[in-house]
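2 protein chains.
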Amino acid sequence: MQSQIKRKLSPVSFTQVSIEDTFWSSRMEINRKKTIPHEYKQCKDTGRIDAFLLNWKPGMEPKPHYFWDSDVAKWVEAASYSLVDKHDPEVEKLLDEVIEKIAGAQQEDGYLNIYFTVVEPENRWKNLAHWHELYCAGHLMEAAVAHYDATGKRTLLDVMCKYADYIDSVFGLGKRDGAPGHEEIELALVKLYHTTGEERYLKLSQFFLDQRGQKPSYFVKELNQIEPGLGDRFNPEYCQDHLPVREQSEVVGHAVRAMYLYCGMADVANETGDKGLLDACERLWENVCLKRMYVTGGIGPSRSNEGFTGDYDLPNLTAYAETCAAIGLVFWNHRMLQFKGDSRFADVMERALYNGAISGVSLDGTKFFYVNPLESRGNHHRQDWFGCACCPPNIARLIASIGNYIYSESDSDAYIHLYIQSTGKLDIGGNEVILEQETNYPWDGNVKLKVTQKLPVTFGLNLRIPGWVKKYNLLVNGKKLNSNKLMSLGYVRIEREWKSGDTVELIFDMPVEKVHAHPGVKEDAGCVAIQRGPIVFCLEQADNPFPLHNVIIPENAEFTTEFDVNLLGGVSVIKADALLEDESDWDNILYRFESKKRKPIRITAIPYYAWDHREAGEMRVWIRYGK
Amino acid sequence: MQSQIKRKLSPVSFTQVSIEDTFWSSRMEINRKKTIPHEYKQCKDTGRIDAFLLNWKPGMEPKPHYFWDSDVAKWVEAASYSLVDKHDPEVEKLLDEVIEKIAGAQQEDGYLNIYFTVVEPENRWKNLAHWHELYCAGHLMEAAVAHYDATGKRTLLDVMCKYADYIDSVFGLGKRDGAPGHEEIELALVKLYHTTGEERYLKLSQFFLDQRGQKPSYFVKELNQIEPGLGDRFNPEYCQDHLPVREQSEVVGHAVRAMYLYCGMADVANETGDKGLLDACERLWENVCLKRMYVTGGIGPSRSNEGFTGDYDLPNLTAYAETCAAIGLVFWNHRMLQFKGDSRFADVMERALYNGAISGVSLDGTKFFYVNPLESRGNHHRQDWFGCACCPPNIARLIASIGNYIYSESDSDAYIHLYIQSTGKLDIGGNEVILEQETNYPWDGNVKLKVTQKLPVTFGLNLRIPGWVKKYNLLVNGKKLNSNKLMSLGYVRIEREWKSGDTVELIFDMPVEKVHAHPGVKEDAGCVAIQRGPIVFCLEQADNPFPLHNVIIPENAEFTTEFDVNLLGGVSVIKADALLEDESDWDNILYRFESKKRKPIRITAIPYYAWDHREAGEMRVWIRYGK
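Protein sequence lines correspond, in order, to chains V and D. Sequential numbering from 509 applies to the first sequence in our numbering. Sequential numbering from 509 applies to the second sequence in our numbering.
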């Protein structure tokens, strides 16, 4: 089934990557030491873990919710990844206990779902549109694969294969119709297929993709059976059921669902060579990344559908921009990147990663944003946990596996996508090649690489030139290289016989830039955002004690950057002279014909991801701009 | 009970004023010929009028609503006023018929309310907080006074006196507690007192005012009796019940309720010399007019409470700014103006009148805005009618009685508040003085006055210099007068022995002005509104076929004004060279470091009140502004 559209690159697994990075190592450690235990405790205290014991009886509180399985699954996934980063027998033991409970919940036929076993057993597979049975199954499959990869244990994997086999016995051509209202199982089945080699999992994934957007819609039929008219009132766009997946061009509906769907589409396209799926992904990418994405990589502006609205509709104060959606954008772009090594996907991945995804967790690892607005009046804060707790374990599994996103390999080439101080062990056509990065990215743009292998090997070393770079220098073994002719799809490709000890230096100019949004974006009209390297900055009232809507960044503003090791876990801080329209000559008047007076002020910007860690106050990413 | 705080001025009744004005005469004619018949038909077709026949039985549709009486009452008031403007026997006959139905609905004890007679008779006076019994009574009283004034007939007046007597027998000191959840009866009882001389109506009005904001709150007690806890969940701010009226300083809650309350407070203050009431009005005025009023005179930004939020919170797109609230602001400022003749009240009255009030009715008189936003994306349009139809008859009664707002008189002085071509018959200390205005205001700033009376009379002629005026000339009998020393509270006072035929010329410079909002108004940051004379302008996409958020008015913009007799019933149109940030060099990019390019464009602004009469499209009052 292979074809020319198969991925040219393979991601280097984080198990082959060790990270010792100023930016990420502390985050990974906090994730391991604080976030994962905190989330375990929350799952435990709220009854999510013990719910797998199936002891719930009518009248008991709390009643299991139909998405509880997925919260625990994502915790299992995150904890498993953390074992690779640093093995901890306590965590492994905890995992064994949790997995034993999960396994104990499996029914004889293989079915495994808390809610539809103890609360509404009569409704198994009855409301795929709104309930999350297949979604929960998908997250448990991802957890099983992660646990197996991290520990070699098949305890959860076998359980989930049995469950997958059962699902496969229920759904499919010649069996019953159906698709997950909340996508997830599609990408999970491809992971399970990769781990087990069982092609029926891939086919089931493809089946679920193909069920989407049929006329009449599966979901409409299903809901009309539950209650006449219910399906007719259902908006299929909410779960991307408005068109067959290969015909989709516009990102619609719930943003997390959309991202997980597109991941599944990209995965199946890669496995089956289905160009229609990949073409749809390309079109959808253009719609979301060129028309519907915040500068932070946040997506899905609307609270009402937790998702997409129209082109260029990107309100800042009311931005929904769910943490999970930015994470999903990272997942999807990482997949798209592997097809051709086109850095536009890495640019989006990097944008979401360094801004709208990691903003989702506090610097101490124990508080979370579900919603990531780009403006605040001081009343939006991270919380310990949520009733609907998808985001906390999602950010935990991303951070624990960040090593996945740095390198790719092929028979002939090595790729560096992200500049993170790390050592990656690559397999280039059977040769082990070790790439070592030394860098202080994203705080400066200098990267030193060392290539190590047993014998000289000829391969193409592909170095990403991030989209934000205007000027850079490249030195191979200390000698400057003119890379113009070596650029392809945003990567410099240096093909040579690499010898152990060869070095490459990349020096990216990293000035402070003023970002302008497409004129279609109403809410950013007359404003700029501040960006340096991949980091988007914001103003917080803690540093800027004046109404932020009255701050004007002058066209000729000169920015200074300094790294403050003591602030917010160590961040670059940007300062500039700016102007403030103040109220001093506005006594007792609401409207007047005379212009507002401006006075000089000094402004201080911090990275967006680090906002809301000090006293509550206003925050703005988009700042007025003018002469 | 009189004291020094009694009104210095008395408004000259519209019965003493004949209007022949470019701006208002056609509006009054359309109001008489189109709006009033249209509203009669709507009241008739929806069952509101025949509901007074009390034929409704359970199960019948439509079921009378508890505010229906007030819609018909305001129609009776408007139709009565229109008779003064131009007597029409058909209208008088229609009024007689409607009043006969109203009168027929009166119960033996004097009670008169459709809903609580036929739908829930058991709940009479049981839920004053939310239902509108006293509010409906108030509007019927206003209607009765208007009908009596216009026709000399006591048919409705006697009915309403009987009802008022009954209400007075129920509520009051030593009788039962209570106050209207929706204020209105307070001001109506003062009107009834004036017409009948019955002081108990004034005392009842005062009683209702004094019931407000008691601890414990009357409404809280009442609602807790209906359902335990219901009162405790009630937010007394919604109906200005948070504090005793004399202690109020902040405008809160439902905007129309607030305006009607403040009218009642000003009326009772005038009658009783109650300085505490007037001082509260002054404080409330400062809060609303200096911190919470749109440039159009709209008030009450929030849909959720149909009312007020916080200082400087004036969103444009989501502005509620109910037509009735702007009308209420006119009513209240007209009352406040009479105390001292302070033109700041006339300025607000004029602002609301020429902008946010008359925007509520279409130029053809048959469509209405309930909500008056200052920005539209093309989906907000006037409607024929509303289920809750307070606004249409409210604007009708205002336009029909516009003559009320032009002149005031006292023993020694004449006042001209509004420049409207008209003839006013004033009584200055027993002398009949006729003032004739010749003007094209608000389209230009030239006003010619002629004074006529039988014998020379010495009095002070007070001419308002509107707040928008920067420069003007004043000529008396053709001779320029230096008026600097004659200015007091925004009026030029010319005291002399006026002879018949004396003339005064006022020449106000009327350039196009850029309005800046107080820096506290977030939503207007970086923007200006366009105003000329009292008229606030807006851009509509019909004239400006480009995204309005990308239009920039340059600091040095030169505006031209021309009157287009064929456009929108005849309006001044303002044009200027401006700049547009366009999308022409934004292919396939959402964010970039390069500034947006600007191209010159020509913009055309029309009066705000006249928007939404052509093809649907964007509209903006506040336009970006810069170098």
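These are computed hints drawn from the structure, not numbers from a lab. Treat the hints with caution; some may be incorrect.
Same chains, same names: a pair is fine if it fits in one copy or spans any two.
Unchecked claim - Derived lysine-lysine pairs resembling DSSO-like cross-links, with alpha carbons at most 30 Å apart:
#1 K783 to K1135
#2 K1104 to K799
#3 K979 to K956
#4 K979 to K1105
#5 K987 to K962
#6 K1104 to K1022
#7 K799 to K1107
#8 K978 to K1105
#9 K978 to K1104
#10 K799 to K1030
#11 K799 to K1105
#12 K988 to K962
These numbers were taken from a predicted model, which means no experiment stands behind them.
message: Of the numbered hints stated earlier in the document, which are not met by this structure?
response: Going through the list in order, the structure violates hint 1 alone and respects the others.
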